[in-house]
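Chains A and B are the protein sequences, given in the same order.
Residue numbering for the first sequence follows our numbering, starting at 2 and increasing by one per position.
Residue numbering for the second sequence follows our numbering, starting at 2 and increasing by one per position.
Everything labelled a hint here was simulated from the structure, so no lab data went into it.
Possibly wrong hints are sitting among the right ones.
[What the hints assert, rightly or not] Below are the PhoX-like pairs computed for lysine-lysine, each with C-alpha atoms no more than 25 Å apart in a straight line: (1) B/K242 with B/K155; (2) A/K134 with A/K45; (3) B/K220 with B/K144; (4) A/K96 with A/K134; (5) A/K144 with A/K45; (6) B/K201 with A/K84; (7) B/K8 with A/K84; (8) B/K218 with B/K197; (9) A/K283 with A/K11; (10) A/K134 with B/K156; (11) B/K8 with B/K197; (12) B/K242 with B/K218; (13) B/K201 with B/K8; (14) B/K197 with A/K134; (15) A/K84 with B/K155; (16) B/K144 with B/K197; (17) B/K144 with A/K144; (18) B/K156 with B/K8.
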Amino acid sequence: MAVNKLMTLKEAVSRHIKDGDTIYYGGFQIMVPMAITHEIIRQKKKDLTTVESSTDVGGLDIMVGAGCVKEIHSAWIMNWYVKAPYAVRRAFQSKMTKRYDLSNFAATSALIAGFMGVPFIPVRGNIGTDMLKHNPVDLTVVKDPFTGEEITAVRAWNADVAIIHAQVADTLGNVMSWGTRGVTDEFGAMGAKRGVIVTAEEIVEPEVIRADPDRTVVPYFKTLAVVHCPWGAHPSACRGYYGLDIRFSQYQGKYERNADLLPKFLDEWVYGCEDHSAYIKKYIQKFGQEGLDRLKPTLGFKPKYQVDYGYHDPGVWKGVPQYTDEYINA
Amino acid sequence: MHATNYKLTELMVVRCAKEIKDNEVVFAGVGLPLVVVSFAMLTHAPNMILFTEGGSIRATAPPGLAITVDDPALFCNGDATFGMLSTMAALQRGEVDVAFIGGAQIDKYGNINSTGVGDWTRPESFTYFAGSGGANDMATSGKRVLAIMPQDPKKFVETVDYLTTPGFLDGPGARERAGMIGGGPDVVVSTMGVYKFDAKTCEMYLAEYFPGQSVEKVKANCSFALNVSPDVRETTPPTEKEIAVLRNIDPTGFYLG
């Protein structure tokens with residue numbers, strides 16, 4: 002049934018994220034769901050567990066710094082532009098947040114197992130390292146039932162809710178993404194038990210997505226909420242819409258670095274902004290329209306081959322006799 | 002003509018690139034490896050195939066500096082962009098020739114730590130870095146491992162604080178016993194020199210020291226008893242032309258400084 006799932010960021014997060022939830026945290030070094038991250042912090046969600054492969058630009062770092070996260074399962078957490086995840090480091094040291102490490106492909110495989118609906122999946126990495134020793138929650142070694150050889154097994158991850166950013170969605174919840182198909186978002190999102198919250202640069206009619214369904218990473222039945230949210234991945238990049246805001250990530254990183262400074266950043270840029278468009282307005286106020294314009298990509302990397310999915314109507318066989326040798330010889 | 006004015010990072014990148022052969026499949030991690038692979042593709046390895054964790058598979062150097070492994074630059078004119086599954090699955094299938102990674106700490110068997118320093122079991126003592134990322138997967142299954150990292154006595158250590166990424170583990174035969182399909186560490190390029198690994202003992206040895214360094218200086222910046230090749234020599238500096246190509250890849254000095 003076609004239900005309009007378009008809502009505000011505030012509604013999406015308050016309706017669909019509960020304290021104690023396990024969240025698939027979308028994106029990678031780009032396409033980080035920053036607008037949803039800010040809203041989770043604004044609504045002071047608590048005791049969240051996050052699962053994802055790798056994440057950059059300090060999105061998860063500020064969510065941990067704001068006290069929303071009790072457990073992290075990840076291969077790599079960073080603000081690459083200051084070369085450390087400072088709030089995560091502090092939260093680990095104070096035992097506020099538990100961290101469960103595994104390799105990138107182990108994490109991706111955990112999401113794929115969740116996507117496939119199987120309890121675990123074998124991977125080649127992690128064996129022989131301290132990740133196996135310190136993360137028995139996600140990793141163990143099993144015997145290949147066919148050869149008897151040892152191999153790492155990773156527990157399947159099925160989050161309660163997935164949060165992702167994409168270029169395009171429709172009001173029904175179909176999500177379109179291009180350039181790496183969201184890296185791991187299609188698996189993390191499809192494996193989520195309750196469904197997906199998506200912010201999108203643009204909202205289009207369902208017909209637009211149905212005219213090019215190869216680009217759909219999440220079909221509408223998995224989607225809980227669609228939020229129209231331009232610049233929703235800022236300061237990370239969104240392919241075709243904007244590049245990495247290196248200077249802002251460095252700026253944010255200066256605040257992440259220090260436990261006393263981070264609340265000041267959150268007050269100004271998160272709590273002090275009613276929603277994401279207020280955040281972008283503030284950005285323009287502080288860094289000028291030229292600051293935002295600088296992030297616009299060089300365009301023109303468009304498909305050169307015009308795809309045609311070409312429908313063939315089986316009705317053409319109506320009245321056509323069976324192909325037989327008699328038919329040929331007639 | 003050899004350049005007289007170059008940065009240490011530029012020397013590291015050019016020297017590291019020489020370890021990449023034409024036609025090889027190279028899986029590059031984030032950081033300087035992204036600069037090295039672009040440089041190799043634009044110079045002596047035009048038929049190199051570039052893989053990254055973000056899922057980019059490409060036969061040509063990206064149009065500009067790729068800062069991240071899922072950088073938009075990697076997807077402009079890429080050959081295939083299926084996402085992380087496709088490139089990392091190729092590692093597991095044994096199709097990657099060179100796994101090219103960074104790291105924070107390394108021991109004589111080439112085991113690498115990129116998780117953090119301190120005692121993990123006492124969290125208050127542990128300083129977290131980023132974590133494995135794809136380094137573990139790359140070093141487990143890539144046919145050979147190329148590593149680029151800074152050097153000081155706290156980074157070249159007897160035992161890594163946290164074993165994130167396997168080198169030769171505890172010595173000869175250990176990788177095979179663990180069922181790893183990749184061959185393990187091949188070359189390490191540090192801020193001071195170039196290291197290789199003894200085929201029998203699996204131990205690291207100094208093969209080259211950078212201009213301005215010496216065997217003694219390198220040893221003073223290594224906490225384990227460092228083996229030195231009898232043929233140890235000074236690294237050949239980059240040429241003017243190489244530096245020009247390199248600076249064109251990273252014109253703002255994001256990685257090169």
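Results for each hint:
With a CA separation close to 35 Å, the supplied pair B/K242 and B/K155 exceeds the 25 Å bound. A threshold of 25 Å between alpha carbons decides the hint, and for A/K134 with A/K45 the separation of about 33 Å lies outside it, so the pair is violated. As the CA atoms of B/K220 and B/K144 are separated by approximately 29 Å, the hinted pair breaks the 25 Å bound. With a C-alpha separation of about 19 Å, the suggested pair A/K96 and A/K134 falls inside the 25 Å cut-off, and the hint holds.
Between A/K144 and A/K45, the direct Cα distance comes to roughly 44 Å. Violation of the 25 Å bound is thereby established for this hinted pair. At roughly 37 Å between alpha-carbon atoms, B/K201 and A/K84 are farther apart than 25 Å, so this suggested pair is violated. Proposed proximity of B/K8 and A/K84 is supported: the alpha carbons are some 20 Å apart, at most 25 Å. For the proposed pair B/K218 and B/K197, the alpha carbon gap of about 18 Å is at most 25 Å, so the pair holds.
Between A/K283 and A/K11 the alpha-carbon distance is near 18 Å, which keeps this suggested pair within the 25 Å criterion. A distance of roughly 22 Å separates the Cα atoms of A/K134 and B/K156; the hinted pair therefore holds under the 25 Å criterion. Between the alpha carbons of B/K8 and B/K197 the distance comes to roughly 23 Å, so the proposed pair stays at or under 25 Å and holds. Straight-line distance between C-alpha atoms of B/K242 and B/K218 comes to about 29 Å, which puts the hinted pair past the 25 Å bound.
At most 25 Å may separate the alpha-carbon atoms for a hinted pair to count; B/K201 and B/K8 exceed this at roughly 35 Å. In summary, the hint linking B/K197 to A/K134 is not supported, as the alpha carbons are separated by about 29 Å, beyond the 25 Å threshold. As the CA atoms of A/K84 and B/K155 are separated by approximately 18 Å, the hinted pair is consistent with the 25 Å bound. Proposed proximity of B/K144 and B/K197 is supported: the alpha carbons are some 15 Å apart, at most 25 Å.
The straight-line distance between the Cα atoms of B/K144 and A/K144 is roughly 24 Å, inside the 25 Å bound, and the hint therefore holds. With a CA separation close to 21 Å, the supplied pair B/K156 and B/K8 stays within the 25 Å bound.
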